[in-house]
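Following the hints, complete the assembly by docking chain B onto the known chain A.
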Amino acid sequence: MTANPASEGRKIPAGVPLIDGIEKVTGRARYTADLDHAGALVGRIFRSPVSHGEILRLDVAKARALDGVVAVVTGDDCTHTYGVLPVAMNEYPLARDRVRYRGEPVAAVAAIDAEAAQRAIDLIEFEVRELPAYYTSADAREPDAVLLHHNKPGNIEREVHHVFGDITMGFAQADLVREHSFACAEVNHAQIEPHAALAEFDPIMQRLTMQSVSQVGYYLQLMLARCLGMDVSRIRVVKPFIGGGFGARVEVLNFEIITALLARAASGKVMMQLSREENFITHRARPQTDIRLKLGMRRDGRLTACECEVVQRGGAYAGYGIVTILYAGALLQGIYDIPAIKYDGYRVYANLPPCGAMRGHGAVDTRHAFECALDRMARELGLDPFAVRRANLLQAPLRTKNDLTVNSYGLPECLDRVQRASRWNERIGQLPPGKGLGMACSHYVSGAAKPIHWTGEPHAVVNLKVDFDGSVTALTGAADIGQGSSTMVAIVVAETLGVSLERVRVVAGDSAVTPKDNGAYSSRITFMVGNAAIEAARNLRKLLIDAAARKLEAAPGDIECVAEEFRVGRGGQATLSFAEVVKAALVDVGTITVKGTFTCPPDAQGGKHKGGAVGSTMGFSYAAQVVEVGVDETTGQVTVEKVWAALDCGHAINPLAVTGQVEGSVWMGMGQAISEETRYLDGLPAHASLLEYRVPTIAESPPIEVQIIESHDPNGPFGAKEASEGALAGFPPALVNAVANAIGIDFDQLPLTPDRVMEALIARQRQRRLAMARKVAS
Amino acid sequence: MPQAVSQRRLLRVRINGRWRADAVAENQLLVDYLRNDLRLTGTKTGCDGGECGACTVLVDSEPVPACLVLAARCEGRSVETIEGMASQGRLHRLQRAFHEQLGVQCGFCTPGMIMAAEGLLRRNQDPSDEKIKIALSGNLCRCTGYVKIIQSVRTAAETLP
Numbered sequence: 005m006t007a008n009p010a011s012e013g014r015k016i017p018a019g020v021p022l023i024d025g026i027e028k029v030t031g032r033a034r035y036t037a038d039l040d041h042a043g044a045l046v047g048r049i050f051r052s053p054v055s056h057g058e059i060l061r062l063d064v065a066k067a068r069a070l071d072g073v074v075a076v077v078t079g080d081d082c083t084h085t086y087g088v089l090p091v092a093m094n095e096y097p098l099a100r101d102r103v104r105y106r107g108e109p110v111a112a113v114a115a116i117d118a119e120a121a122q123r124a125i126d127l128i129e130f131e132v133r134e135l136p137a138y139y140t141s142a143d144a145r146e147p148d149a150v151l152l153h154h155n156k157p158g159n160i161e162r163e164v165h166h167v168f169g170d171i172t173m174g175f176a177q178a179d180l181v182r183e184h185s186f187a188c189a190e191v192n193h194a195q196i197e198p199h200a201a202l203a204e205f206d207p208i209m210q211r212l213t214m215q216s217v218s219q220v221g222y223y224l225q226l227m228l229a230r231c232l233g234m235d236v237s238r239i240r241v242v243k244p245f246i247g248g249g250f251g252a253r254v255e256v257l258n259f260e261i262i263t264a265l266l267a268r269a270a271s272g273k274v275m276m277q278l279s280r281e282e283n284f285i286t287h288r289a290r291p292q293t294d295i296r297l298k299l300g301m302r303r304d305g306r307l308t309a310c311e312c313e314v315v316q317r318g319g320a321y322a323g324y325g326i327v328t329i330l331y332a333g334a335l336l337q338g339i340y341d342i343p344a345i346k347y348d349g350y351r352v353y354a355n356l357p358p359c360g361a362m363r364g365h366g367a368v369d370t371r372h373a374f375e376c377a378l379d380r381m382a383r384e385l386g387l388d389p390f391a392v393r394r395a396n397l398l399q400a401p402l403r404t405k406n407d408l409t410v411n412s413y414g415l416p417e418c419l420d421r422v423q424r425a426s427r428w429n430e431r432i433g434q435l436p437p438g439k440g441l442g443m444a445c446s447h448y449v450s451g452a453a454k455p456i457h458w459t460g461e462p463h464a465v466v467n468l469k470v471d472f473d474g475s476v477t478a479l480t481g482a483a484d485i486g487q488g489s490s491t492m493v494a495i496v497v498a499e500t501l502g503v504s505l506e507r508v509r510v511v512a513g514d515s516a517v518t519p520k521d522n523g524a525y526s527s528r529i530t531f532m533v534g535n536a537a538i539e540a541a542r543n544l545r546k547l548l549i550d551a552a553a554r555k556l557e558a559a560p561g562d563i564e565c566v567a568e569e570f571r572v573g574r575g576g577q578a579t580l581s582f583a584e585v586v587k588a589a590l591v592d593v594g595t596i597t598v599k600g601t602f603t604c605p606p607d608a609q610g611g612k613h614k615g616g617a618v619g620s621t622m623g624f625s626y627a628a629q630v631v632e633v634g635v636d637e638t639t640g641q642v643t644v645e646k647v648w649a650a651l652d653c654g655h656a657i658n659p660l661a662v663t664g665q666v667e668g669s670v671w672m673g674m675g676q677a678i679s680e681e682t683r684y685l686d687g688l689p690a691h692a693s694l695l696e697y698r699v700p701t702i703a704e705s706p707p708i709e710v711q712i713i714e715s716h717d718p719n720g721p722f723g724a725k726e727a728s729e730g731a732l733a734g735f736p737p738a739l740v741n742a743v744a745n746a747i748g749i750d751f752d753q754l755p756l757t758p759d760r761v762m763e764a765l766i767a768r769q770r771q772r773r774l775a776m777a778r779k780v781a782s
Numbered sequence: 169m170p171q172a173v174s175q176r177r178l179l180r181v182r183i184n185g186r187w188r189a190d191a192v193a194e195n196q197l198l199v200d201y202l203r204n205d206l207r208l209t210g211t212k213t214g215c216d217g218g219e220c221g222a223c224t225v226l227v228d229s230e231p232v233p234a235c236l237v238l239a240a241r242c243e244g245r246s247v248e249t250i251e252g253m254a255s256q257g258r259l260h261r262l263q264r265a266f267h268e269q270l271g272v273q274c275g276f277c278t279p280g281m282i283m284a285a286e287g288l289l290r291r292n293q294d295p296s297d298e299k300i301k302i303a304l305s306g307n308l309c310r311c312t313g314y315v316k317i318i319q320s321v322r323t324a325a326e327t328l329p
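Chains as they are written, first to last, in the numbering used here: chain A, 5 to 782; chain B, 169 to 329.
Just chain A, same shape as in the assembly:
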């Protein structure tokens, strides 16, 4: 199952560019909107103008009658719910009976061109009886609030109550107990490629081909079959190039099903391209979150107990919500040694676009609260932020209190490296006014050890094909969404076989060709697909070595393949080229196809308590980072001047891609920390463009110095773990801690926009004046 990094895993010190990079830099890469849609109809969606209401009348007759309109679909065309969690599918692709958020799809048209489609949308008649709408968790939880879903009392989708260890004793043993409340704004993935789908329905063959932006093709295939009442085998899902995901496209999205419904209704091909505004309405990102956190600490910084309450405003439908609220509690653990933990989580419905998974799923906001609180308490006790974290480190291997396995743990080294790189000891407390340093740690799973659908199948399957031409083709269902997963597959296959990277071609994400894969989520691909690819390559290598042994008349155990040459023993004279060995291997059997699989053992799949599977993983990545800021006290502007980040990814299969992922995740954390925030006015998104939703531009983005720590996970592919999510959650608290260091104000709210900072500075000035006045008066 596991590769030995000593014998395999040729080191690439700097790493390699993406195997599909040339297509991207030349403009040849085809994303969904670039696909040949000659003859395709244009799809458009009619959306609810109100936040909450009973549908009284929906009349599409005029739209249907319009010249150029080929199909119109409504909630009557799909009576099946859909959703990512089998236990929580409470959403229709097109609303039926009731609408629950502004912008919820109600009807859709397919027409010969965009103008006709838009005119048809304008002709749709829609009447609703408005119901009270709730835009905050508190309002939705009021005792007399109207229920969004009749089976969810209190508008609560899921409550979680977990206690591990003796919480009372823990707090009793503490020298310092502090409680803080934090509020983190809702944020959005804002991937640069807008959502799009191209669906083609063949009415004669009764087959559907779907090309879409999905991160998880097989979920899409399953949901299309469910919603269209089709046999799954009649649906083919093909992944074009994908312009980023960050979790936005893990769940099947309403527009994908709608496009398919339109294609079937029109007996043809429909292209749906959502506007940027519709992308924000489709949402499925990180929820607005309120956190109350109480920590107990001994004088030496040792934590004794943690009590945490999390309330997430989840939006109008279940989506991924149950998993998100479970992650928020589960990932309090697995990073520090905390003797007792109590977690209470509430996932609340509100009349807003549904939230979902976003990079660092569920873990980011609680980690933010925790790392901020840790710093504040350390300050009270006169401890250095690094010292307080070192006082609470884990000893791997271990099982956490909530039954998560930690097999490798590079956090101590991460701490050492960023402390040194940032010259923390020399500089902390020595910076000029308005400048500050802050730090924080974070971690994330390398793939959810328990998949959403428990089918008994392996967690990953990779096929390898070798043919007469000597080419090696890796077939994987794993979606490369820009993170470089196909490149990772090519590297591990090439290294295991002993061939050049150029010989390996990767075909990814076509359900007609590639084996099913659980998809691009929870940072699972490197760990799971990487291991499966190594196993497949070993199986192929064995066949090739046997063939070489036959030809060289030697024992297979004596054959080596290095740099595409097979020889007997080290320095053996007789050699065979890769092409010669492939020819020999194909005799009698023809084209060779082998496979490799990876399965997480049951003991890695989490505890037996309710919700215990969430957070379980084969390996956690660990990160520490130091952030340097400048705060302009006249404008309230926080400028990030430099970031030092270290990530324990077990082993860097492609160091270039690892640094790219760490830079990207740290930077995405920065957006959440300083500027990104969705805002709604009576349910209407007030942020629904890339001008109003403030993704940092290149101008405000700092240099990020990345250090890679390799803790060599015993189960990872060549010892590798994930690298794409773990560093994100550390940024917001490191920034808030740095701002506290710079101006002496602790912020409880994210993001630290100039208005929030200004408000705090003015409040402090007012307090100081008051104190001064009191002093003069007394």
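One should not assume that every hint holds.
[As the list claims (entries may be wrong)] Below, simulated DSSO-like cross-link-like pairs (lysine-lysine); rule was C-alpha separation at most 27 Å, straight line:
#1 454(A) x 546(A)
#2 156(A) x 301(B)
#3 599(A) x 454(A)
#4 599(A) x 520(A)
#5 439(A) x 156(A)
#6 469(A) x 587(A)
#7 301(B) x 646(A)
#8 546(A) x 612(A)
#9 599(A) x 555(A)
#10 439(A) x 646(A)
#11 439(A) x 301(B)
#12 439(A) x 299(B)
[Unchecked claim] Over 10 Å on every C-beta distance to chain A, these chain B residues come out as not near it, computed from the model:
#13 183
#14 187
#15 206
#16 240
#17 251
#18 267
#19 290
#20 294
#21 304
#22 328
Since the hints were made in silico from the structure, they are not lab data. We put the CB at the ideal spot given by N, CA and C, even for glycine.
Frame of chain A, contents of chain B only:
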């Protein structure tokens, strides 16, 4: 009743070095002309107009968002897109640098980013990081944190064209 087809006119424009003459609607955007009429889909649409820079092309060597320019306004002018950057089987220095330095992840912002950077390098052979940041501040990237994008442009600037 079918809608009246909007007024069309003949547009003479040089696209990636070749003169063309095409009938375009008066209200047609340059980005739609490039993507839909010429199938030059390397130029991307990432927003509802002028927000993201993914559609940046060069018009007479000036980087402009093709979603904010009418095709008709390019009469007699030279338009360059990402498809015109590689020549005779060789990548342009910016393309090579973005590829090798991992200035590209998902790749969606990349064509616009490269065109904006090319506009800069034509004006300034040796730009400082500050100048690079100013030149690319209208181009959003969601993957890289821009670190390797700046590195890519710097590397390209140090390479002979």
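Hint check, failures only: 1, 2, 5, 8, 17, 18 and 21
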